[in-house]
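So you can see what is in the structure, the chains are spelled out below.
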Amino acid sequence: MSVMVDIRSVYKSFGSLDVLKGIDLKVRTGEVTVVLGPSGSGKSTLLRTINHLEKVDRGEISVDGALMGYRRSGNKLHELPEREVLRQRTRIGFVFQNFNLFPHLTVLENVTEAPVSALKRPRKAAEETAHRLLERVGLADKAGAYPRQLSGGQQQRVAIARALALEPRLLLFDEPTSALDPELVGEVLDVIRDLAAQGTTMIVVTHEIAFAREVADTVVFMADGRIVEQGTPEQVLGAPREERTRTFLAKVL
Amino acid sequence: MSSDTLAQTPATAKTPEPADAPRIVPRRRFGQWAAAVAVLVLLGFAVNSVLSNKAFQWDVVAEYFTSDAILRGLWLTLWLTAVVMTLGFALGTLLAAFRLSANPVLRAVAWGYVWLFRSIPILVQLLLWFNIGALYPQVFGVKTVNLLSPVAVAIVGLTLHEAAYAAEVVRGGILSVDRGQIEAAQALGLSPGRRWWRIVLPQAMRSIVPPAANMLIGTLKGTSIVSIIAVNDLLFSAQLVYHRTYQVIPLLMVATLWYAVVTSLLGIGQYYVEKRYARGTERTR
Chain A
2 MSVMVDIRSV YKSFGSLDVL KGIDLKVRTG EVTVVLGPSG SGKSTLLRTI NHLEKVDRGE
62 ISVDGALMGY RRSGNKLHEL PEREVLRQRT RIGFVFQNFN LFPHLTVLEN VTEAPVSALK
122 RPRKAAEETA HRLLERVGLA DKAGAYPRQL SGGQQQRVAI ARALALEPRL LLFDEPTSAL
182 DPELVGEVLD VIRDLAAQGT TMIVVTHEIA FAREVADTVV FMADGRIVEQ GTPEQVLGAP
242 REERTRTFLA KVL
Chain B
310 MSSDTLAQTP ATAKTPEPAD APRIVPRRRF GQWAAAVAVL VLLGFAVNSV LSNKAFQWDV
370 VAEYFTSDAI LRGLWLTLWL TAVVMTLGFA LGTLLAAFRL SANPVLRAVA WGYVWLFRSI
430 PILVQLLLWF NIGALYPQVF GVKTVNLLSP VAVAIVGLTL HEAAYAAEVV RGGILSVDRG
490 QIEAAQALGL SPGRRWWRIV LPQAMRSIVP PAANMLIGTL KGTSIVSIIA VNDLLFSAQL
550 VYHRTYQVIP LLMVATLWYA VVTSLLGIGQ YYVEKRYARG TERTR
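Residue numbers (the numbering used here), protein chains in the order written: chain A, 2 to 254; chain B, 310 to 594.
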């Protein structure tokens, strides 16, 4: 199986705070990787470095064979012009914890915005795709609504449809259910589960252990800016080798 | 009653009360009644004194209200306001962008501009521009006196003044937009221009419109200051008439009423503009 995401010795600090201390991670095409870890372990930052929302201090990240955000020239990495970075990002879908839907645009406009303006798709075609995607996330009747008229779970499903509208090769989820009321978590996880079943390559940062056990091909446990251990859900969640992992699981299970 | 039928009850229907429930009697608010009566009486006295005072000469007010001289002055006031606001906000938006940019030189320049032009009284600034020939007799071989007519002085002076305030209004509006909005737009690959015009600005407008409307109304009346450099605005036109006829008060009333009329119209316009930018903010459930 080919490698979709290749993260090589990535370091990142905010001021004096080291957030990522040498991360190496490979994500194979078609697989679901779930990243677990306590708050402040650097998992969200890692996710954000993958689509270059956060710049790394050291190391490199390739997505689908292309170096993200940089151009290699000899032994140097030159930062790409913004236009290039934006083009790279259109191949990666990103779903935020707080949805970040555009509140002044309707659901349909939220979903068609990027295909029309970034990919230059004809509006008509983009709208057809959008209606199809909204149906897929169970919101076919909400196309004309504004985000604030929807529940949190519905907003997050619109955000997923918006990310899918770019037909991304990779989907990144940053704690997609953390901002939701408990009774709304299920509907969002259902959509993600459905995407996983269709072979979408995904990296999901979450606190939903049961979901990880069920859907993940690989579980990555992070703490203090490092990957403590990774493996199948059975290995990492069922029989963790590291003490750090055991302590964490004992607290959340 | 089962929970199913409860859920189907329309939100407007009242839940039936038990018959023996005690009735709720609101507190009597005598103080509020007394205050309302006192204020209305005072207001009545004030209105009566204005209407019955012959010195206001309301017949003269009516005579000059739509006279050519006054309407020409009104027209100048209106277009001067429009030009100054447009240029002021264009320059102000640029300054706000400088202020928020990653470039420390641009940030410092924008900060310095705002500091400088908020520090100089507009009256002083107009007089300085009016006398610019004393500082720079020639620019590119042209005499500055010929370059800057009184109207041009008014436009330049008021625009530079407005821009400093507009910069802060626009900056506040941009800062009010959630950082996540920009990140979402970046993650979707939207270009910087698209992010600005389609995502940030429409959301910033909600916080920009009320203070901008304030500035617009302030500018409308503030343009009357140009009468001191003999620009033929609404106030100066009224003054020209009363210098001739000595009907000072009625002509000041003419100008005042026109300012009030235009201000009211702008207030109505503000209502609709605010409604336009409030799209998607109302909760329907």
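Please note: incorrect hints may appear among the correct ones.
[Stated by the list, open to error] Pairs of lysine-lysine residues, derived as DSBU-like cross-links and limited to a Cα-Cα distance of at most 35 Å, are as follows:
1. Lys584(B) <-> Lys121(A)
2. Lys363(B) <-> Lys452(B)
3. Lys121(A) <-> Lys77(A)
4. Lys125(A) <-> Lys530(B)
5. Lys27(A) <-> Lys121(A)
6. Lys27(A) <-> Lys56(A)
Calculated from the structure, these hints are not laboratory results.
| query | Going through the earlier hints one by one, which of them does the structure break, listed in rising order? | reply | Violated: hints 2, 4.
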